[in-house]
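Starting from the given sequences, assemble the full structure and let the hints guide the process.
Number of protein chains: 2
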Amino acid sequence: MRFIAIILLFLSTFLNAQNIKKLSEKHIEENGVQIIQEYKTLLSIPNVAFDLPNINKNADYIIGELNKRGVETKLLRMVGTPPIIYGSYPIKGAKRTIAFYVHYDGQPVDKSTWTNDPWEPTYYSRAIYEGGTPLSFPTSFDEIDEEHRIYARSTGDDKAPIITILTALNLLQANKIKPTSNLIFFFEGQEEAGSKQLQQYLNDNRELVDEIDLWLFCDGPVHQSRRPQLVFGVRGVTGMEITTYGPNRPLHSGHYGNWAPVPGQLLSELIASMKDDEGDVIIDGFYDDVEPLSDTEIQAMKNIPRIDEDLKKELGINNPEGTESYNERLLKPSLTIRGLSSGNTGKLARNVVPSTATAAIGMRLVKGCDPEKQKDLVEAHIRKQGFHIVREDPDNETRLKYSKIAKVTRSSGYPAARTSMDLPIIQSVIGRAKDVAGEDLILLPTLGGSLPLYLFTDELNKPAIILPIANHDNNQHAADENMRIGNLWYGIKLMSALMTIDK
Amino acid sequence: MRFIAIILLFLSTFLNAQNIKKLSEKHIEENGVQIIQEYKTLLSIPNVAFDLPNINKNADYIIGELNKRGVETKLLRMVGTPPIIYGSYPIKGAKRTIAFYVHYDGQPVDKSTWTNDPWEPTYYSRAIYEGGTPLSFPTSFDEIDEEHRIYARSTGDDKAPIITILTALNLLQANKIKPTSNLIFFFEGQEEAGSKQLQQYLNDNRELVDEIDLWLFCDGPVHQSRRPQLVFGVRGVTGMEITTYGPNRPLHSGHYGNWAPVPGQLLSELIASMKDDEGDVIIDGFYDDVEPLSDTEIQAMKNIPRIDEDLKKELGINNPEGTESYNERLLKPSLTIRGLSSGNTGKLARNVVPSTATAAIGMRLVKGCDPEKQKDLVEAHIRKQGFHIVREDPDNETRLKYSKIAKVTRSSGYPAARTSMDLPIIQSVIGRAKDVAGEDLILLPTLGGSLPLYLFTDELNKPAIILPIANHDNNQHAADENMRIGNLWYGIKLMSALMTIDK
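So the protein lines, in turn, are chains A and B. For the first sequence, the positions run 1 to 503 when the numbering used here is used. For the second sequence, the positions run 1 to 503 when the numbering used here is used.
Incorrect hints may appear among the rest.
Where chains are identical, the list cannot tell them apart; a pair therefore holds if satisfied intra-copy or between any two copies.
[Stated by the list, open to error] No farther apart than 20 Å at their CA atoms in a straight line, the calculated lysine to any residue pairs in the SDA-like style are these:
id : residue 1 : residue 2
1  : Lys313    : His252
2  : Lys111    : Ser412
3  : Lys22     : Asp51
4  : Lys384    : Asp276
5  : Lys404    : Ser273
6  : Lys404    : His388
7  : Lys404    : Ala272
8  : Lys384    : Ala272
9  : Lys404    : Glu309
10 : Lys375    : Ala349
11 : Lys312    : Asp395
12 : Lys347    : Met240
13 : Lys384    : Ser273
14 : Lys404    : Asp280
15 : Lys375    : Arg350
16 : Lys57     : Thr73
17 : Lys404    : Gln34
18 : Lys68     : Val109
19 : Lys312    : His388
20 : Lys312    : Pro250
21 : Lys40     : Tyr123
Keep in mind that the hints were calculated from the coordinates and are not lab data.
Shown next as structure tokens:
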């Protein structure tokens with residue numbers, strides 16, 4: 001019996017691996033026109049998070065489509081916030097549960113900057129910026145080209161995954177293929193508004209989410225090189241503001257210049273002391289907690305295309321910070337002067353010694369770095385430079401007591417998250433994704449940007465990875481957001497494959 | 001005959017020295033009520049430079065008063081600008097000509113911030129901020145106290161000198177004392193609007209101003225220690241803006257932070273490189289051209305009260321720039337970060353690597369420093385730090401060519417001016433001022449602030465000194481501008497004395 005079970009498992013795995021891509025392609029060919037129509041219908045419902053009536057229309061529509069496919073749904077609700085659609089598709093005998101996270105809300109729009117109405121989807125021969133022209137929506141599969149694009153808000157960010165998931169369910173059912181895991185669909189309605197209640201939703205529904213063994217975040221664009229990618233982590237984020245002090249009121253720069261301390265000078269000296277000539281941070285301990293990459297991750301890094309030269313040309317940069325490649329730099333915590341202010345510059349500049357100077361410092365964190373400890377290190381450095389640290393603007397007594405004073409206002413923040421590529425379940429996901437994406441698939445240890453993925457990896461203690469499907473030039477958050485049809489097809493293949501990973 | 005002449009000269013000098021103070025005091029006692037009334041009348045005429053109808057009323061009134069005292073007047077006019085009142089009081093046999101510069105315009109007012117209407121003079125028992133209460137204007141000299149104050153716009157800045165000059169003419173005439181110099185009264189009407197046409201006025205009337213041997217600038221307050229002072233110079237002023245560059249558009253600090261160059265970091269490093277830990281400028285050659293003080297000036301410096309501790313307490317400063325005293329610091333050129341800007345700070349701060357960072361740099365100059373050369377030195381320093389200097393925002397080609405780029409926008413400016421205390425005519429002025437001010441008189445080599453005095457000292461090549469009479473707390477340029485009666489009396493004595501310096 002045991003032997004036969006192993007043979008069957010092998011066969012089913014082999015068949016899936018061989019067939020799911022072909023089955024998907026056949027399904028797309030037979031249903032492509034209909035898939036695009038359903039996608040268009042979904043895109044026609046405005047979905048800005050604060051527009052609750054329309055948000056609810058989106059939720060109702062999506063629930064209807066899930067129910068049609070046999071998914072049990074419930075709405076997780078908190079008063080005044082967009083609900084979370086929680087869909088459950090239990091598989092008899094499945095030993096694990098995989099959740100697909102998607103957000104059905106989108107960024108607000110400024111219609112004046114769009115070529116067409118963002119809530120009336122339009123169909124183009126290719127990207128508008130590449131000379132695409134409007135076409136009628138296709139009525140037969142022959143009319144469809146992979147370079148065609150659909151323009152509407154949330155095409156890429158983040159309604160495409162919803163359509164691809166719904167289609168994947170259809171095609172598995174049509175081919176009588178049973179998913180290999182219990183499936184959960186966790187569709188959030190306020191990601192673009194900051195996911196402010198996400199943690200609360202997770203806490204309030206712990207019994208629902210605790211059963212989930214793997215979170216798949218269906219969001220974001222593929223790699224700038226256009227190659228498909230899986231992303232295993234994000235950087236964390238925190239920051240602080242530092243204010244330095246001169247005289248207690250702005251002084252005439254003639255009567256006092258060369259005597260009154262200049263806060264912009266003090267601030268500049270402090271900032272300059274934080275980095276070396278290469279742009280590396282020289283604050284004691286700043287890189288100490290960085291968790292090194294595993295061998296698998298190191299191997300994966302070698303397979304990521306180097307885009308440095310293209311980026312430099314595009315962004316007008318001769319000399320980036322640091323000596324490593326762009327990809328390697330994202331694996332280190334960052335310290336960025338995102339704002340400076342003191343007195344005025346330009347036409348408003350006055351002949352004063354200003355009273356204060358302020359720097360807004362943004363910090364990105366990588367796996368291993370604690371947001372609070374990282375800020376402690378910066379504060380220790382500020383003290384080492386001779387500054388007395390205060391939390392409020394100093395009174396005159398404090399000013400008279402200390403030769404250099406810095407007010408430090410710490411931002412909150414959250415840590416990085418990174419899921420190991422070595423976990424068996426992740427190896428299965430990688431293998432299955434390669435079945436549809438090919439060996440070209442990029443395995444990116446971390447994004448440079450930040451998402452609160454730690455809520456899942458650290459709070460819920462579950463592996464979580466990001467599955468981007470949108471084209472890299474999908475204009476997410478901006479005007480003329482769009483989805484390339486080829487990427488939509490890729491999404492359908494990927495979802496189908498991940499619903500049927502090795503048992 | 002020659003011997004007799006010398007005896008007479010000696011006697012007249014001796015008599016003047018002994019008597020002018022007493023004669024002034026007697027005249028003030030006999031005419032104080034009337035002097036204050038005339039002052040009040042003058043102060044009642046609004047005098048903002050752009051208010052030409054009222055400016056002309058001021059000029060008409062002042063001309064009338066000058067004419068009454070036998071001064072020949074003419075108005076130097078340029079279309080659309082406040083005229084200069086040019087009064088001439090030639091003295092038979094006088095071998096030199098002294099000009100009294102005053103400005104009859106005043107700063108604009110924001111009435112809402114004044115205790116009383118700035119154009120309806122009020123009389124107070126003492127300074128309002130010290131608890132002074134309103135009084136009726138005095139009707140007899142017994143009612144007048146030196147601590148009394150008159151409140152109105154331009155009381156101190158700069159109508160008091162006009163009244164003291166008019167009174168000094170009265171008292172000399174009443175006592176049949178002949179001035180020892182030809183007197184010129186050069187009353188400007190747009191000093192508070194920037195004296196934009198002053199140079200043109202001087203050029204256009206060169207034959208009138210070339211005959212002047214000494215310029216006395218009657219303006220400004222006495223020393224912070226309340227002691228009377230003569231001021232022999234001003235610092236010059238110039239400056240520049242420096243912009244450093246990151247990516248050619250603001251980038252997401254997550255996706256690019258730690259790789260994209262940060263303009264605020266580059267700017268901070270550049271600024272930090274300009275000064276040492278003490279706050280002294282370490283740009284090569286920055287202090288090289290400073291003209292050293294003469295022995296007389298060094299001696300005068302020793303007699304200036306040290307106000308550092310009071311200033312530090314008042315301004316909340318523990319550690320001023322440099323190791324010298326406040327007075328000594330003003331004798332060096334300055335470099336002040338008067339403004340910084342990059343991205344945003346506070347609530348507007350965004351998660352970006354900004355595209356640019358800008359510093360507005362103010363520079364004060366002392367005698368010997370050329371404004372253009374001083375800026376050249378800063379530019380040489382910027383280049384030494386590895387920056388390629390541009391004059392306009394760089395295009396992409398330029399950005400790709402140079403690792404560090406700084407746009408430098410030079411301000412115009414003008415040099416410092418300082419009149420030697422050792423000139424015989426200046427020694428006479430000092431001696432005479434001491435007759436009325438006592439040995440307490442402060443001889444200040446330079447103000448920290450800037451005035452275009454170089455137009456007189458360098459362009460006309462004539463000695464020029466500043467004679468402040470207003471109380472140090474006269475609130476010039478601000479609300480509740482006022483004049484202390486004791487300072488008004490001091491002004492009358494000083495003007496009388498200076499009209500009768502040694503022949």
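Hints, verified against the model:
no., hint, in the structure
1, Lys313 <-> His252, "between (44 Å within a copy, 17 Å between copies)"
2, Lys111 <-> Ser412, "neither (34 Å within a copy, 45 Å between copies)"
3, Lys22 <-> Asp51, "neither (41 Å within a copy, 86 Å between copies)"
4, Lys384 <-> Asp276, "both (16 Å within a copy, 17 Å between copies)"
5, Lys404 <-> Ser273, "both (15 Å within a copy, 18 Å between copies)"
6, Lys404 <-> His388, "within (6 Å within a copy, 33 Å between copies)"
7, Lys404 <-> Ala272, "both (16 Å within a copy, 15 Å between copies)"
8, Lys384 <-> Ala272, "both (14 Å within a copy, 17 Å between copies)"
9, Lys404 <-> Glu309, "between (42 Å within a copy, 17 Å between copies)"
10, Lys375 <-> Ala349, "between (33 Å within a copy, 18 Å between copies)"
11, Lys312 <-> Asp395, "between (47 Å within a copy, 14 Å between copies)"
12, Lys347 <-> Met240, "between (29 Å within a copy, 12 Å between copies)"
13, Lys384 <-> Ser273, "both (10 Å within a copy, 19 Å between copies)"
14, Lys404 <-> Asp280, "between (25 Å within a copy, 16 Å between copies)"
15, Lys375 <-> Arg350, "between (34 Å within a copy, 18 Å between copies)"
16, Lys57 <-> Thr73, "within (15 Å within a copy, 86 Å between copies)"
17, Lys404 <-> Gln34, "neither (68 Å within a copy, 54 Å between copies)"
18, Lys68 <-> Val109, "neither (31 Å within a copy, 75 Å between copies)"
19, Lys312 <-> His388, "between (40 Å within a copy, 18 Å between copies)"
20, Lys312 <-> Pro250, "between (41 Å within a copy, 14 Å between copies)"
21, Lys40 <-> Tyr123, "within (10 Å within a copy, 80 Å between copies)"
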